[in-house]
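Sequences are here, hints too, so could you generate the full structure?
Here the protein sequences come in this chain order: W and F. The letter at position 298 of the first sequence is residue 298 when you use this note's numbering, and the numbering goes up by one with no holes. Positions in the second sequence are counted from 1; adding 447 to them yields this note's numbering.
Just so you know, the hints here were simulated from the structure itself, not pulled from any lab data. Be aware that one or more of the hints could be misleading.
[Said to hold, decoys possible] Listing some non-contacts, in silico: residues in chain W with all C-beta distances to chain F over 12 Å: (1) R18; (2) D44; (3) G55; (4) Q151; (5) I363.
[Stated by the list, open to error] Simulated pairs of lysine to aspartate or glutamate, DMTMM-like, Cα-Cα distance not exceeding 20 Å: (6) K268(W) - E647(F); (7) K307(W) - D526(F); (8) K228(W) - E647(F); (9) K228(W) - E608(F).
Just so you know, even glycine gets a beta-carbon here, dropped at the ideal spot from N, CA and C.
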Amino acid sequence: MERVLEDFVTAARTAGVRISISETLDAVRSVKVVGYRDRALLKDALAVSLAKTAGEKIILEDCFERFFAFRLFAADPGRAGKDGDIPSLVQTESSLVRMLMEEDRAGLIAAMTEAARLENISQIRYFTQRSLFAMRLLGRMGAGGLDGQIQALRRLDTPAAAAEADRLEGARAYLVDNVRNYVQSQYDLFARNEGEKRLENELRLVKLSNLEQRYVGRIHNIIQRMVKRLNDLHSRRRQAARRGVLDFKRTLRENISYQGMLFTPCWKKRKIERPQIVVICDISRSVLRTVRFLLLFLYGLNQEIAKIRTFVFCTNLVEVSDILGSSSVDEALTRIQGGTDIPLIMGRTDYERSFGEFRRDHIAAVTRKTTVLILGDARNNYNDPHPENLKAIYERCKRLIWLNPEAPAFWGSGDSEIRQYTPYYTMIKECNTLGHIERLISALVRR
Amino acid sequence: MKSSYEERFVSIEAVLENLRDVAYIANRQMAMTVYLACRLEKPILVEGPAGVGKTELAKATAACLQLPLIRLQCYEGLDESKALYEWKYGKQLLYTQLLKDKMDDIISRGNGFKTAMDKLHQYDDIFFSWPFLEPRPLLKALQEKDGCVLLIDEIDKSDDEFEAFLLEILSDFQVSVPEIGTVQAVTRPLVFLTSNNTRELSEALKRRCLHLYIPFPDAALEREIIRRRVPDISEQLARQVVDFIQDVRKLDLKKVPSISETIDWARVLMILHAEILNPALVRDTLNIFIKFEDDVGVVAEKVHQITAMAVK
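As structure tokens, then:
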């Protein structure tokens, strides 16, 4: 019976529940305690030991229902019942034929699941494998012998034998049909999510500007997972950074109350430096998609990991940290674009004016601890780029990273002024897929 | 020897029955989790919205097992010295002062620094022994001879480090006190951890526990709970109260009322000698089960409608 549980765990994993080996062992032990008799109880026992969040419980329940569905070999209304009086003409040793003729449902199910086990149906991955597995299953069950039986009956050439042959043919169709259904359901269980996984991997590589609208929701999920991973990784590092060496002066001070006996040692605390990030984003239409995903990423990060201030510009420049802090990124971007309550002009992109305004009004935001991220294609509509504004920012900050959503081949072509700005950034990166953004952010928060 | 959990909780039905006797109405899933936890000797991680009876479950289990309940309330900054053990510094100091003469005696008897040191080494463990140890909840739970119910409440409020520290206790039921050695549980305690999901718990912790999610109860279960907890309430009023609360939970609120609030409200209605619900009465007592000003506004708007539905 453990084999069944094993398969169930595989199915649940494919459906997206994270299950470790120790949890599988727990499940085996729980099932031993509660037994297989009560279906609801079995389901609860598995849910308690395998699924560890409310969301996972729902997935697991659905998976359970599909895995332990026994709709197979339902009585077929089209098939005539067996007439008990007429002795069967089929002289056979084949248990399959006997089970089919006697409509032994339980026997058929057992034979089929056994065949499936021998053929390792949990290894099914692609929908093109379905027919193959169905054939193999039928072979294992001994369906090959059926044809011989039918032909033998036809050769007898009596009305009774013909009727018997018809019945057997019907039974064969019925068998094939059920095996197909079974393979389909197994494919759903074990492989349905494989496609999703592959799609997700593709989505990480696809250019954000080419992303189809229907995948945006999925991308959100991916980002959430990536951000969670980054948060986990870096909050742990933050904790480790806390431990220091013995602070002797403080130890003496603290222990004065014990007559100078050193009972409670105190440790030096290292100051935790959060990376300070200033983001300056071009939000003209050509860059907007990338901006959205970059901001989703940045604002998903734990507040303790990074301090972020955000400025957006098109024709002029506005600080939007407040809006982003108080509402979700999607909402905030709609508000910013709508521009009802912020003085943003969505005309032609003007790098000269925007950087000038930043230098005039917000240069205090940049200190030598700050990392400045500029996201834009540097397409200045053939105006003078005035790189000295960028130079002023560059000289004040720790590093200035330029993120360009265009492919490197286009940098400097047409009205792109990126070459003019070249001396004034620490590095430039192409930034137009999720993969790029993730790599960038993990580099940012690393110390 | 069979542990007392197994004697009392022979089957899932027995768990249900026993919990019912101490006025805790559980559903089958909860009973089964408790039963499994006793059998597998695993901790239970209980999650769910506030006020659905996560802590109560532990209390009720302790009550029907007739075991002591040891409770550890978690908060930010909770550390080993608060949770596990602490040396009684005061006592240590006092004893060293009292024994000062004695020690002088011991040391001065020898000649030379080295012999004095050696002599001192023979005695230094005296001050780090059981009489000077102040056991905190976790150590206490391990020391209970007949077992106990250990409730680690609101584990999500504690720091990550504390969570990691719990892992040793939860998987092996032992802790190490450097000066004394490893302390093994005499009888494994039945452990409940509760969490309100203010932060995601680590995978490692979750893996060691059975995970029980307690949702809001359905109407039938909630009626039964009300009848148990507020025995004087009339059948009619109990039904109306529950129907009303069930409808309120469907509204878009900051904090939906939970079972404990339903019970409070039912008690208040009993004190006010209410027979049936009416909109005026509901509006007056709204603040019993709605805890935010914004929410009061949302519910007050619909009081008429919901009351009509519930009274019907």
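Evaluated hints:
| no. | hint | in the structure |
| --- | --- | --- |
| 1 | R18 | 7 Å, violated |
| 2 | D44 | 5 Å, violated |
| 3 | G55 | 10 Å, violated |
| 4 | Q151 | 55 Å, holds |
| 5 | I363 | 37 Å, holds |
| 6 | K268(W) - E647(F) | 29 Å, violated |
| 7 | K307(W) - D526(F) | 28 Å, violated |
| 8 | K228(W) - E647(F) | 10 Å, holds |
| 9 | K228(W) - E608(F) | 18 Å, holds |
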